[in-house]
Amino acid sequence: MTEQSKHETKFTEIKFKVQRYDPEKDEKPHFQDFTVPYREGITVLDGLLYIKENLDSSLAFRTSCRMGICGSCAMLVNDYPHLACHTQIEEFHTDKLTVKPLPNLPIIKDLVPDLSTFFNNHSSIKPYIIRCDKEEMEQPTAEYAQTPKELDTFLQFTYCIKCGICVAACPTSASDKLFLGPQALAQCYRYCADSRDDGCNERASTVDGQHGIWHCHFAGACSEACPKGLDPALAIQLMKRRLVSKAVGSDKKKQPAAIVKLPATDTKPKVPVPEFTVKGK
Amino acid sequence: MRNTYLQFIQLITGILIAVLLGIHMVNMHLDAILGFFGVETFFGVNIAADPTIFSLMKARSQQVVFAGIYIALLIFALYHAFNGLRNIVLELTKSARAERAVTAVIIVVGVIFLAIGVYAPLALLS
Numbered sequence: 085m086t087e088q089s090k091h092e093t094k095f096t097e098i099k100f101k102v103q104r105y106d107p108e109k110d111e112k113p114h115f116q117d118f119t120v121p122y123r124e125g126i127t128v129l130d131g132l133l134y135i136k137e138n139l140d141s142s143l144a145f146r147t148s149c150r151m152g153i154c155g156s157c158a159m160l161v162n163d164y165p166h167l168a169c170h171t172q173i174e175e176f177h178t179d180k181l182t183v184k185p186l187p188n189l190p191i192i193k194d195l196v197p198d199l200s201t202f203f204n205n206h207s208s209i210k211p212y213i214i215r216c217d218k219e220e221m222e223q224p225t226a227e228y229a230q231t232p233k234e235l236d237t238f239l240q241f242t243y244c245i246k247c248g249i250c251v252a253a254c255p256t257s258a259s260d261k262l263f264l265g266p267q268a269l270a271q272c273y274r275y276c277a278d279s280r281d282d283g284c285n286e287r288a289s290t291v292d293g294q295h296g297i298w299h300c301h302f303a304g305a306c307s308e309a310c311p312k313g314l315d316p317a318l319a320i321q322l323m324k325r326r327l328v329s330k331a332v333g334s335d336k337k338k339q340p341a342a343i344v345k346l347p348a349t350d351t352k353p354k355v356p357v358p359e360f361t362v363k364g365k
Numbered sequence: 405m406r407n408t409y410l411q412f413i414q415l416i417t418g419i420l421i422a423v424l425l426g427i428h429m430v431n432m433h434l435d436a437i438l439g440f441f442g443v444e445t446f447f448g449v450n451i452a453a454d455p456t457i458f459s460l461m462k463a464r465s466q467q468v469v470f471a472g473i474y475i476a477l478l479i480f481a482l483y484h485a486f487n488g489l490r491n492i493v494l495e496l497t498k499s500a501r502a503e504r505a506v507t508a509v510i511i512v513v514g515v516i517f518l519a520i521g522v523y524a525p526l527a528l529l530s
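First to last, the protein sequences are chains Z and D. For the first sequence, the positions run 85 to 365 when my numbering is used. For the second sequence, the positions run 405 to 530 when my numbering is used.
Errors might be hidden in some of the hints.
What the hints assert, rightly or not - Under the rule of at most 27 angstroms between Cα atoms (straight-line distance), these lysine-lysine pairs were calculated in the BS3-like manner: (1) Lys193/Z - Lys180/Z; (2) Lys498/D - Lys193/Z; (3) Lys354/Z - Lys312/Z; (4) Lys498/D - Lys246/Z; (5) Lys498/D - Lys261/Z; (6) Lys498/D - Lys210/Z; (7) Lys218/Z - Lys330/Z.
Everything labelled a hint here was simulated from the structure, so no lab data went into it.
Build out the structure end to end from the sequences listed, making use of the hints.
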């Protein structure tokens with residue numbers, strides 16, 4: 085934080101305007117105001133927890149890890165998607181916050197969006213290593229070989245925490261409710277680019293569908309909003325290139341990574357294993 | 405891979421439109437620049453004359469090369485425009501039946517536009 089912004093933040097309290105919606109009671113969402121005491125370093129999630137503990141225990145929102153790893157607390161803060169736990173209130177330079185659930189997803193209650201479609205889309209692209217050797221895949225005997233260079237081609241996309249922020253930011257997801265969304269499409273690239281994987285053809289039929297990858301307009305909002313700094317828009321473009329290469333037959337046919345040979349069983353450990361100090365009875 | 409093929413053609417037609425539209429623009433509107441570089445004829449047409457005069461346009465269209473350029477430009481532009489329009493409309497449709505209906509309407513309208521557009525150069529050629 086700069087010296088200037090430190091001086092700008094002189095709030096004693098923060099006005100939270102939180103969207104409330106209980107489908108069993110309310111016809112449509114409405115807003116409720118709360119006042120939360122300000123302290124340095126307070127996050128949006130801290131504010132919501134304060135509300136739940138002290139002002140209104142019926143407020144519903146998801147949270148778990150409080151450190152930007154689980155992706156549970158994604159929500160719209162001042163009309164931009166953020167992870168509530170990862171966003172300090174100081175960043176907004178205002179004492180008024182409007183908190184809404186992620187858009188482009190149905191609401192279960194208050195700030196809790198229904199992520200079932202989101203996860204169904206994720207599952208539809210088969211987000212796991214697919215191999216021809218089914219036996220080895222089901223009951224692995226060793227690891228598959230992969231060089232650091234091969235890992236680099238998709239590594240950043242493995243950091244996706246599935247928070248749904250990219251889908252909330254995506255203009256295509258807003259207009260096309262059947263669109264697979266940037267998260268699923270980026271994960272499709274993540275697995276297709278994996279040198280250990282051989283399932284790109286299986287995934288291609290899903291992402292090439294009518295509401296699939298070609299409906300991405302490359303607005304780039306997903307990459308702009310991603311709290312983990314990933315670039316799903318890049319993954320989607322690279323996936324498009326893969327599909328076109330496959331369609332015109334210019335893709336390089338590569339065999340998936342081979343199994344790493346197990347070391348010989350008679351190899352002695354380089355460091356001697358110490359004797360157990362605790363003896364069994 | 406149907407959508408991939410359609411989008412790949414979209415990409416190719418975009419490039420071809422840029423090339424053919426470039427020829428059209430140079431011929432019709434940038435003749436002064438050609439003159440500046442000492443070019444006297446462009447595709448067999450004297451650039452000193454005003455290219456928008458009807459008799460010159462007619463003479464130009466009676467050449468197979470120009471008729472071919474116009475027809476090709478029309479085909480590529482129609483594909484590019486209508487496929488793009490179809491993509492936009494399909495974002496708002498949810499059922500497969502509606503998608504088929506949109507595609508059918510787009511194809512029919514496109515073919516009608518093509519027939520109207522191709523009529524003039526073909527008539528001038530024959």
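Pair hint outcome, Lys498/D versus Lys210/Z [Cα-Cα no greater than 27 angstroms]: holds, 23 angstroms
Would the hint linking Lys498/D and Lys193/Z be met if the CA-CA limit is 27 angstroms? Holds - the C-alpha atoms of Lys193/Z and Lys498/D are around 26 angstroms apart, at most 27 angstroms.
Lys193/Z and Lys180/Z: Cα distance at most 27 angstroms? Distance ~22 angstroms between Lys193/Z and Lys180/Z Cα, so the pair holds.
Do the alpha carbons of Lys498/D and Lys246/Z lie within 27 angstroms of each other, as the hint requires? With Cα atoms ~25 angstroms apart, Lys498/D and Lys246/Z stay inside 27 angstroms; holds.
For the pair we were handed, Lys498/D and Lys261/Z, check the Cα-Cα distance against 27 angstroms. holds, 8 angstroms
Hinted pair, alpha-carbon criterion (27 angstroms max): Lys218/Z, Lys330/Z. Please report holds or violated. holds, 24 angstroms
For the pair supplied as a hint, Lys354/Z and Lys312/Z, confirm whether the alpha-carbon distance does not exceed 27 angstroms. violated, 39 angstroms
Of the numbered hints listed earlier, the single one contradicted by the structure is hint 3.
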